[in-house]
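**Student:** Hey, can you work out the whole structure from these sequences and the hints?
Protein chains in written order, with my numbering: chain A, 1 to 276; chain B, 1 to 525; chain C, 1 to 343.
Derived from the structure by calculation, the hints contain no laboratory data.
Treat each hint with caution, since some may be false.
Within a straight-line C-alpha distance of at most 27 angstroms, the following computed DSS-like cross-link-like pairs (lysine-lysine) qualify [as the list claims (entries may be wrong)]:
| # | chain 1 | residue 1 | chain 2 | residue 2 |
| --- | --- | --- | --- | --- |
| 1 | B | Lys283 | B | Lys465 |
| 2 | B | Lys304 | B | Lys283 |
| 3 | B | Lys501 | B | Lys515 |
| 4 | B | Lys144 | B | Lys127 |
| 5 | C | Lys149 | A | Lys12 |
| 6 | C | Lys149 | B | Lys83 |
| 7 | B | Lys438 | B | Lys352 |
| 8 | B | Lys372 | A | Lys165 |
| 9 | B | Lys352 | B | Lys436 |
| 10 | B | Lys352 | A | Lys165 |
| 11 | C | Lys24 | B | Lys144 |
| 12 | B | Lys83 | B | Lys304 |
| 13 | A | Lys165 | B | Lys438 |
| 14 | A | Lys165 | B | Lys436 |
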Amino acid sequence: MSTSVLRLTLAKPAARIALVLVLVIVALASLGPYFSPYAFDEVVGAPFAPITYEHWLGTDFLGRDTFSRFLYGGRTVLVVALCATVAAYIVAVPLGIYSGLRRGPLDVLLIAISDVIYALPPAIFLLVLLASTGPSLPTVIVGIVILHSPRIFRIVRLITMDISKNEYVEAAFARGESWTAICFLDILPNVLTPVLADFGVRLCGSIILYASLSYLGLGLPPPAADWGLMISENRIGITISPWIAIAPALAIAAFSVAVNVLADSFARSVGRSKEI
Amino acid sequence: MTEAIPLVVQSLFMHDLNGREIVGDVSLHVERGEVLAIIGESGSGKTSVALSLLGFARPGMRISSGKILIGGTDILSVSGRQKRAFQGGKVSLVPQNPTTSFSPRMSVGKQMAELLAAHGHTGTGMKQLMRQALRSVDLPDDEKFFRRYPFELSGGQLQRIAIAMAFITSPQVIVMDEPTTGLDVSTQQTILELIARLVKSSSASVVYVTHDLAVVNVVADRVAVMLSGRIVEQGGRKQVFAAPSDDYTRMLLDAIPRLVTDCPAAAREAEGAIEIQSVLEVKNLRAAHGHVEVVHGVSFSVGKGECVGLVGGSGSGKTTTGRCVTGLHSNASGSLLFQGHLMPFAVSSRSKADLSAMQIVFQNPDRSLNPKESVAQSIARTVRLTGLADRAQVGAEVRSLLDRVRLPQRVVDLYPADLSGGERQRVAVARALAMKPKLLVCDEITSALDVSVQAAVVELLLDLKKDGLAMLFITHNLPLVSEIAQSIIILKDGNIVEAGKTNEVLRSPQDLYTKMLLGAAPRLN
Amino acid sequence: MSCKPPWPARPRRFRFLKVRPLNKPLLQLLLTRITLAVVTLFAVSIVVFAATQYLPGDPARAALGAKADPSAVEALRRQFGMDRPAVVQYFSWIEGALTGDFGRSIPSGRPVWEAIGPRAVNTLILTVTSLLLLIPLSFVLGILAAIYKDRLADHLISVPTIVTVALPEFVIGTVLIVLFAVYLRWLPPVSLINDSLPLSSQSSLFILPVLTLLGTTLAQVVRMVRAVALEVLSAEYIYMVRLRGISPARVLIWHVLPNTITPTIQTIALNAAWLAGGVVVTESVFQLPGIGSALSDAVINRDMPTVLAITLIITATYVLINLVSEALILLLNPRLRVARGNN
Chain A
1 MSTSVLRLTL AKPAARIALV LVLVIVALAS LGPYFSPYAF DEVVGAPFAP
51 ITYEHWLGTD FLGRDTFSRF LYGGRTVLVV ALCATVAAYI VAVPLGIYSG
101 LRRGPLDVLL IAISDVIYAL PPAIFLLVLL ASTGPSLPTV IVGIVILHSP
151 RIFRIVRLIT MDISKNEYVE AAFARGESWT AICFLDILPN VLTPVLADFG
201 VRLCGSIILY ASLSYLGLGL PPPAADWGLM ISENRIGITI SPWIAIAPAL
251 AIAAFSVAVN VLADSFARSV GRSKEI
Chain B
1 MTEAIPLVVQ SLFMHDLNGR EIVGDVSLHV ERGEVLAIIG ESGSGKTSVA
51 LSLLGFARPG MRISSGKILI GGTDILSVSG RQKRAFQGGK VSLVPQNPTT
101 SFSPRMSVGK QMAELLAAHG HTGTGMKQLM RQALRSVDLP DDEKFFRRYP
151 FELSGGQLQR IAIAMAFITS PQVIVMDEPT TGLDVSTQQT ILELIARLVK
201 SSSASVVYVT HDLAVVNVVA DRVAVMLSGR IVEQGGRKQV FAAPSDDYTR
251 MLLDAIPRLV TDCPAAAREA EGAIEIQSVL EVKNLRAAHG HVEVVHGVSF
301 SVGKGECVGL VGGSGSGKTT TGRCVTGLHS NASGSLLFQG HLMPFAVSSR
351 SKADLSAMQI VFQNPDRSLN PKESVAQSIA RTVRLTGLAD RAQVGAEVRS
401 LLDRVRLPQR VVDLYPADLS GGERQRVAVA RALAMKPKLL VCDEITSALD
451 VSVQAAVVEL LLDLKKDGLA MLFITHNLPL VSEIAQSIII LKDGNIVEAG
501 KTNEVLRSPQ DLYTKMLLGA APRLN
Chain C
1 MSCKPPWPAR PRRFRFLKVR PLNKPLLQLL LTRITLAVVT LFAVSIVVFA
51 ATQYLPGDPA RAALGAKADP SAVEALRRQF GMDRPAVVQY FSWIEGALTG
101 DFGRSIPSGR PVWEAIGPRA VNTLILTVTS LLLLIPLSFV LGILAAIYKD
151 RLADHLISVP TIVTVALPEF VIGTVLIVLF AVYLRWLPPV SLINDSLPLS
201 SQSSLFILPV LTLLGTTLAQ VVRMVRAVAL EVLSAEYIYM VRLRGISPAR
251 VLIWHVLPNT ITPTIQTIAL NAAWLAGGVV VTESVFQLPG IGSALSDAVI
301 NRDMPTVLAI TLIITATYVL INLVSEALIL LLNPRLRVAR GNN
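**Tutor:** Right under this line is the structure:
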């Protein structure tokens, strides 16, 4: 079953290219620092020096080697986006199933909370959070989890309610099966597929959110190397050395677009194959 | 030859996008004023043929070769404006599901006017035509009615409008695609009568597509029987019904449930049934959805080895009654006596023994099995619930249950998606039997199945009844219930209007509604 | 003078948009939505205010720096009324906010509104222009892609959308700057609006920011319109209408379009949430003086009064947009519009 979905997901060449891109960027971001020619905070020359054999991407506004900083700069976005997205699912899926199956006062409370979070535009919510606690990576992760959870929660809750109307669930209740058995055997397996179908889209959202925060100077603090930050801190030099901005911009773009293409393809393949 | 035959189809082939044949070598013709019925079960390609007569193939399918001559012109050879002049003008369609066939954000009057305008009508003549058409299908013809939106009208009313629209342009050919299937039993009958009346008074050639042989008997002059995309038999209705030449046709005819009014078995059992001990006794059951009461004090009992048929149209409260009995609907009052003791309404407060002693099988085979569980998994899980834990024993039990519902052993590792509707329904029955129930509640379990599959499931139920299983058989299908139930209860609007031994009720119905239901059940002869 | 209204009677063609006199159930629904919106807004203001109060992190200390003299921090707290109980602070803040007084900015001591008021105009121009382009463009492109599903026109529309939908605004903005400002030199790389010059003479400064904002939102909405239109196009009633011999243009305008509008309004309203975040980033990329860039500056400076003020303004706008979209959906729904007594 799962192999057929995988095959369907990768049926189109675009999806295969996307997979390769994701793998390349993950490798680049996680292994890059071991191959970097210089340290990320080492001043090696004059600011905005042009591309040379020693400095493949020239130097940045403080005279640090841009290529080395580029190799260091992908780790955070990768870790933050993945952690936040996975954590959001871990929080929201059980709550959604509980809410959809049992209803009751907890359901009402959760819906009210999610309504308030819905009413705040996501980026604004993160900015308020960071303004009141001061920028830090754990806060960013918690913030992204809080943003994703109500959206995942709502979907899981709706799907659970839908599934629990199915006659096999009713039959299970009628023959006296326990709540746990029904949750784990009837609900969870059927919820998981449609819910995981948008995992990639949410991961992509997390990437964009963190990269944008980093660009605004609210991610890793300087002098750390971070792709978003690299673009904004070298903003004044964009007319002299546009490649400093282009390299991290392309990396982020390639990563989030590839994740999105894969997610799209996966969602389609799940929708198309009846089983699983 | 002075006039071309209105509809001639010459060796029509249709394929899906993977190149699989959907329709193969179909040839037919319909004379002026003649009704040809195309009969087939689901997947036989009958609807594809019907839609192709309008030069249309559903997405994922294409008409690969053949000719469809409407009044001598091949509709497949024209396109654009010319083709649109045929569609709705010279060939019209009555759809299967009236509620989804009208544009939801446009009033019905406007949709009628739109059709007429597209075929060259204008002004007051058009209005007159619209009024006349609505009158002919017994609907009001005032301005207020024209302004109604589809959601304001019932399925029956919408189907009348759809029929009116099919006749309004005086087409040469009218295609009816299961026009009564989506409707309630009692509405079905009136719509069928309406169609029969309109067809007689018009000179159009009609192609009537259906799976229901009994309906054919009312309207058709000739029939064509389709099986997997091909016509297996074609001929005059009387001749085909009286002496079918094809095995498949014979099987279809045999599979139709007939109203059994003097079934010897039922009569014999009925004699002894007076003394039998009752498994379930329902007293003064009232049930509500929210604050609206839908069942108003229903009492009946089911004896050991007895099958009680609970019959009614949609909205009669029969399904709610069944759900109350099985504990799925607890917004109810009254008393349930099960195996001699009082039983609460909510599943959560019933004892384990009670829960296992009563099982329910539902209408829709697509939704009654967990798509993520194989047949073995879903039955084994239920077997383990009875306390059996040993792997080998559970496996043996699963196999014997499959035997009991006459499913081959090869299905154990298959998933619901790999099974047909009939097979799924058998698995659902096997799963219910795993709990060793004393009472089985069957909620319309055959109504989503094809006739031939239906017959097999009924046979299975008869077998189970012989083994002493009590059954509450909920259905809208009177002929079907007459084959299986010793006594029947007729429900209408949440009240019992008639109850008694099956053959007595069917032979001499006392209540008007029962008579109506009996009349509504189309018969073969 | 005639008594006829100066405008012609509503053309018959747009009858489906015609709003009948509001009937009671519809009015009740609308009132419920408005009440809900107000309640939500208050809930949000409480949550946001509570966040600044109870989350770890002291804005006064943050404003003065970690090494500041404790007595100076205390003085600042008193000066801004931060020594009062939270509830009192909240009510005095919300009372001021309702009358347009958002307090004083912490680092500068100037009234918040004085700083963000003029900037709000720039942001308004940026967002309204983007929305005005977004709505018609997304309809046309989305429906075109749906009609020509899996054909060239669809690929030309859908492939770019799946790419841009995944791009952060600062990437699009940076690429646009490199392309149009660095290489082509058509437009300036920054959009430093000069308050003393008339805005009309600086309209070219808005081109790249608007394009940046459009890039991400348009992709999102086009995808949604395409999906909705595809669903409508495959609905049974569309086949039925086509099989009645109605011309394709009529089918599109009278049957596909009206049924595509409602879900699309919802999507556009939802996208307004992303637009808000997009505005913050876009304004920062182009250094355009608007309330978005003011917010990100205020967050970095821990200027809480400004953060609170801008958050409230943006959230109120967002809630308002959603309210308008809900009202539109209700008004366009024939079920509610008709609501006659008899079935």
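**Student:** Run the structure past the numbered hints and jot down the numbers of the failing ones, going up.
**Tutor:** 12
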